[in-house]
Amino acid sequence: MISFLKKDSFSRDACLALLSWVFLIVVFFIIPDPGVHDIIQKVFILGLFALSLNILIGYLGLIAFGHAAFFAAGAYTLGLFLQSDFIKIYNFGSFSIPVAILLSILVSGVLATFIGAICIRLKDIYFSFLTLAFQMVIYSIILALVDITGGDQGLMGGFPKPPFLGIDLSKPFDFYAFTIFISILVILVLRQLIESPFGYGLRMIRDNAERPAALGFNNQNHKLIAFIIAGSIAGLAGSLQALLDVGAYPEWAFWAKSAEPLFMILLGGMNTFLGPLMGALIFEILNDFVTANTKYYGLVLGLVILSFVLGLKQGLLDWMVIKFKESRNKNAQNK
Amino acid sequence: MIKRNKHTRRTVIKNAALGIGALSFSAGFPSILKADDNIKIGVPTILSGRVAQLGISVTNAIKMAVNKFNEEGGLDGRKIELIIRDSRAKPDEAARVCRDFINSDNVDVIVNAEASGASFAVQEVIRESGTLCLHTVSETTSLTADPSIRAWNAFRFSRQGIHDAVGSAKYAAKIIEKKGIKKWMSINPDYAYGRDSDDTFFWALEKFAPGFELIGKGWPKIFQPDYTEVITKIAREKPDAIYSSLWGGDLVSFIDQASLYGIFKNTEFFAINLADYTTMNAIRNLPKGLHSATRYVAAWPDTEENRAYDKSYTDLYGDHPTNWSWEASIAIDYLINALKETGGTDNKKLAEALKGKTIPSFMGVGEGNTVTIRDRDQTITNYSIGWGTTIPKEPFIQDVQAANWDTIENLEEEWLTNKGWI
Numbered sequence: 002m003i004s005f006l007k008k009d010s011f012s013r014d015a016c017l018a019l020l021s022w023v024f025l026i027v028v029f030f031i032i033p034d035p036g037v038h039d040i041i042q043k044v045f046i047l048g049l050f051a052l053s054l055n056i057l058i059g060y061l062g063l064i065a066f067g068h069a070a071f072f073a074a075g076a077y078t079l080g081l082f083l084q085s086d087f088i089k090i091y092n093f094g095s096f097s098i099p100v101a102i103l104l105s106i107l108v109s110g111v112l113a114t115f116i117g118a119i120c121i122r123l124k125d126i127y128f129s130f131l132t133l134a135f136q137m138v139i140y141s142i143i144l145a146l147v148d149i150t151g152g153d154q155g156l157m158g159g160f161p162k163p164p165f166l167g168i169d170l171s172k173p174f175d176f177y178a179f180t181i182f183i184s185i186l187v188i189l190v191l192r193q194l195i196e197s198p199f200g201y202g203l204r205m206i207r208d209n210a211e212r213p214a215a216l217g218f219n220n221q222n223h224k225l226i227a228f229i230i231a232g233s234i235a236g237l238a239g240s241l242q243a244l245l246d247v248g249a250y251p252e253w254a255f256w257a258k259s260a261e262p263l264f265m266i267l268l269g270g271m272n273t274f275l276g277p278l279m280g281a282l283i284f285e286i287l288n289d290f291v292t293a294n295t296k297y298y299g300l301v302l303g304l305v306i307l308s309f310v311l312g313l314k315q316g317l318l319d320w321m322v323i324k325f326k327e328s329r330n331k332n333a334q335n336k
Numbered sequence: 010m011i012k013r014n015k016h017t018r019r020t021v022i023k024n025a026a027l028g029i030g031a032l033s034f035s036a037g038f039p040s041i042l043k044a045d046d047n048i049k050i051g052v053p054t055i056l057s058g059r060v061a062q063l064g065i066s067v068t069n070a071i072k073m074a075v076n077k078f079n080e081e082g083g084l085d086g087r088k089i090e091l092i093i094r095d096s097r098a099k100p101d102e103a104a105r106v107c108r109d110f111i112n113s114d115n116v117d118v119i120v121n122a123e124a125s126g127a128s129f130a131v132q133e134v135i136r137e138s139g140t141l142c143l144h145t146v147s148e149t150t151s152l153t154a155d156p157s158i159r160a161w162n163a164f165r166f167s168r169q170g171i172h173d174a175v176g177s178a179k180y181a182a183k184i185i186e187k188k189g190i191k192k193w194m195s196i197n198p199d200y201a202y203g204r205d206s207d208d209t210f211f212w213a214l215e216k217f218a219p220g221f222e223l224i225g226k227g228w229p230k231i232f233q234p235d236y237t238e239v240i241t242k243i244a245r246e247k248p249d250a251i252y253s254s255l256w257g258g259d260l261v262s263f264i265d266q267a268s269l270y271g272i273f274k275n276t277e278f279f280a281i282n283l284a285d286y287t288t289m290n291a292i293r294n295l296p297k298g299l300h301s302a303t304r305y306v307a308a309w310p311d312t313e314e315n316r317a318y319d320k321s322y323t324d325l326y327g328d329h330p331t332n333w334s335w336e337a338s339i340a341i342d343y344l345i346n347a348l349k350e351t352g353g354t355d356n357k358k359l360a361e362a363l364k365g366k367t368i369p370s371f372m373g374v375g376e377g378n379t380v381t382i383r384d385r386d387q388t389i390t391n392y393s394i395g396w397g398t399t400i401p402k403e404p405f406i407q408d409v410q411a412a413n414w415d416t417i418e419n420l421e422e423e424w425l426t427n428k429g430w431i
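First to last, the sequence lines map onto chains Z and W. Numbering-wise (our numbering), the first sequence opens with residue 2 and increments by one. Numbering-wise (our numbering), the second sequence opens with residue 10 and increments by one.
Okay, chain W solo, but in the shape it has when bound (with noise of 0.2 Å):
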């Protein structure tokens, strides 16, 4: 048994705190598997604010996971131990709760279940540290793909905005042809995700699509309440279609207030973000025929394995689960076959069993439904992208057409040369 410091940072800071111990309450992870030779995860993620129900399902996956391996007897008897904390998505914040999850709780990985700018924040930490990383939600592409920015120890287990831009492009591109769309505009949020995806987007639609006409753009801010502005500049210019990548609870309010004005009678709406069972239960009435990528439904794709996966996270927690909550549990799959092959926690030989790594996946679309972590940038690859257009209830999207992979790496090798980046 490994002697402990008597003076350890919790135990300074809780006597120093006593008084607002009371108010406080146990985080509530089981406290039976808090011993030494755990295997520590610190998960930092957004708990609060708007966002807190992907916070929640981001969690929720990864216990599940961790639970299945803890009941299975785990590494030769060492647990898992998992120390979530709320960043409540400020950057600096979450190096915090890193730099503590590193210095103080001494875990052996971090699950970085963070929104892309506080991933760049926690990226930072473990550049330094050394800690192996699995980034589980940020979309950002320059997280692995600049190598500026890339480190070796870190691993994106997320969708990626240029895979996602070229698949939506081919996809739109199909309906350019079948509806004769002409007139584009684009409604984004008005931060790095949104720009990034209307730059991606437009960028492969012109490779797919060539001739179409931009003609307005409208960049609410995000987490805005109200959105008749840019609705009724829709309203004047009446385009053809529409492209957007707002997501959560501003694409709900966006797709309530537009629906009042019969935004979506006369135009085709393309919402990468919009398939995801949070943002479609939460909208009213859901318009039938919008279009929108497959950020996770139990519908697509259309396998046994996604249909037991869904079911087994709803009957444990009451709800689907999200795009945040599969791509948590393929990082702590792949972690758990990596820990099983190295038989242990040295971050290098992790690291070393995880590059280059493909293993079937219930989100798999490679050969035998796998998934791979590329060796080149260690981004997850082969994951399913699709685009279909939705109906009011279950399964709420239909006609789901699947993207290439071939032609999403051939584009992606394209615009990451245009960039400098490869």
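Isolated chain Z, as found in the complex (with noise of 0.2 Å):
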């Protein structure tokens, strides 16, 4: 069994995707706090935002400042095709939330696409404020669509949330479990790319974008299809924490909103996989713990990324997989 786990593989991360499923479900019954499964699905949801804007910073060495874009564009998209006559007319009935949220991942990868295309031309700074742009542009449409989006007062009045498959999003646990589901689901494919050819790709372009267009590679292809799942990735996170929030505002287009997955990136890590995970479930519990008892929550946020930078020089769970490695080689060389 051991033997089993330390070899990677799919096989190997489907069970342990299970097996976490499993435990959080666990968790909801041995927890029967409320607001502990709101937090975790929380964690998920931001989770899920932070490790789509790691494929860009961490694995291609992209730092995108606009990727609130897409989960505002995701997040909206099943805000107003639940809100829209289109679900009535076609007769979606039960499978229109399913049907919502691929539409949120469609509409959100569309949009990456024709951004990451034009931002993908450029690199360093040039490209980080050309996502920047394109990120307002998208904030401004929002505000100026006031009859659509309801501009700045958000989505209003709420929307309906059918039951499919059984499944009644309306239930806590229903909520609950799907919403973890999702995203464990996409975190082992998303892990699954990571480690196939494309995501060592991705990492030489990082290291040396030279090297691998001299052998033939097509860097720029292999950009905007990072980019593109990226920002579908992003739409899914919107359109989840939409249907937590049972709306969608507009500040979730506005460039502070891509600043929380870059500060959960920091808190977790940028090189291992699931640090970004970790950096959101760091930001949210600094977050509720924080608020709850103190309104200089800019202040403690801050001393706390300091202290990170500063103090660990890198996430937490990169410093936690780096010290674990040096304990395990001392102990190979004691040995």
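Source of the hints: derived by calculation from the structure; they are not laboratory data. Treat the hints with caution; some may be incorrect.
Said to hold, decoys possible - Simulated crosslink set (EDC-like; lysine to aspartate or glutamate; CA at most 16 Å straight-line): (1) W:Lys428 to Z:Asp148; (2) Z:Lys162 to W:Glu361; (3) Z:Lys172 to W:Glu137.
Both chains are given apart, each in its own frame, so use the hints to dock them into the complex.
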């Protein structure tokens, strides 16, 4: 069993993913506190958002400042679709939520294709600021289309959550289990992608873009596909967030929202696959605990990030992995 | 005594965040009041950023009313416990804080002291949970007027845009007649409230004084520091009058900067949000003769009850209450009445007790100085709306003229019908 877990394979990842999901389902019943469940599902939603950004930052070396545009696109797509008469006219009925989620991923993906096709031609700070510029365009569009998006008040009036396949998302357990299942499933798929030749191609471009190009590698295509995948996953995270809050808000497309996954990546680490998820956990706990006890949220968050940057000089999970490897090597040498 | 689960959210979080704990400090509400049978009220509000002062004034008012209730023995010994948290004016954060109140703190009531954007987020959370919610700040009409947004368990105790618009237009029409004003401009913040205010004011003005000419509009961004662009536009167009729904620090900056250009010498300025103490005190030299609605001033309504309210607040906090303060005070008065009437915290019974209820109030102008929570849309009516002109020192406003609620409700009905909301 232990040797099976040591071997890096899809079966191992799938097994761990399933075990994690079952474990979190058990947690739901062991800790019957809706607040804890709320935090866990929020960590997974934000974790997806941060993991998607880390495809660009951690594996491609492209720092995108406008990632929240895709998060907001996913959220608004889901909300607008569920509020529209479309679902009645075409009789989506109980399948309106899965269709809405798929549509959110699709719309975010299409948006990422358009934005990515332009942005990936640039690099460094020019890439970062162009993504930011596109995000602010999306933000302005959301504010301007008051009749459709609700403008700065956001999408108001809620939307229905009809049950599908026996899953009723208006019930806390169903929502919890569904959100975590979808998140873990996407994390599992993303992990396979990152460990595939495609994922190693991204690392090659990050480390020395000229070398893979000289070998006949199409860097631009690779970067664009990564950008589309990152945008689509951020869109999925946005749609899950919209389902949780039963609304969508223009603040989700503002530049400050793009800073959140950056903080999570800084806190959790960008070199370990699950670092951003760990970052989301720290970020959410900080947010919950600090706002519950003091109004100096920004100060505390700043100090914590400063302590990570100056103290650990990396994210927590990166640091833990390095320490673990060091201690393992030390033990091996001693033997 | 109710046995509590050992693994509560707070204990999990506190254990995980011990290191951070040293940096934090308690919100400061007396721990002696934290008993299991307390009536818990969650208050999401804005305690940081440019409007933090207003957030503080609303929580002060809530604490003042709650402390009085607790000192008088509470509800058969049950005290009210307040849990106040900062949402940083972010809608998703307000939704999270609200879910936290409901799920972790098991609050009985949400007293929502958020501005409009976040109030709509709170509305969706309480619509799902069924928790009783008292909105005390948002003035956007649609929150309770639009049937698709309204919720059975949500009540509004704050002013409403359309009420103010009608009162403002009626007053402006009198000044138009008196001074022969023809050309108008408007300067409003570029977000939903500003646009609503602009639309409803000029719609109502057309009813009372048709034939005016609207020669230009300025839409500064909210929290914009520099208004030169708007001011030069006014100087160029030379309107007879300006209508503005700028508020707080934005209005202070605009008046300070426009005064330097002498804008107010030849132009009548109608600022709906000016006569509030935090705003007037912050203006360096408050020009004489600006027109403003009475957001909150001790001088209006000119009653003993209102002056007593101002005094008790000022004695306690060393500062005057604000518009947000009186709205929250009335909400808590209503809640306490409903708690006493129903004898418990059943949300459905409390909602029934609030609906259509009329109570005496220091801000009431209904029969016997009362305010009413209208049954139809669960929103407050018959609160004091007045307009007057400014003077640079206390009481800051003079020649106040009261708005007529029959006129307000008649035009409100026409406006709601046009919108398809009734």
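Comparing the hints with the structure gives:
Restraint check for Lys428 (chain W) and Asp148 (chain Z): the C-alpha separation of about 13 Å stays at or below 16 Å, so the hint holds. With a CA separation close to 28 Å, the supplied pair Lys162 (chain Z) and Glu361 (chain W) exceeds the 16 Å bound. Annotation: proposed proximity of Lys172 (chain Z) to Glu137 (chain W) holds, straight-line Cα distance about 10 Å (limit 16 Å).
Violation of the numbered hints given earlier is confined to hint 2; every other hint is satisfied by the structure.
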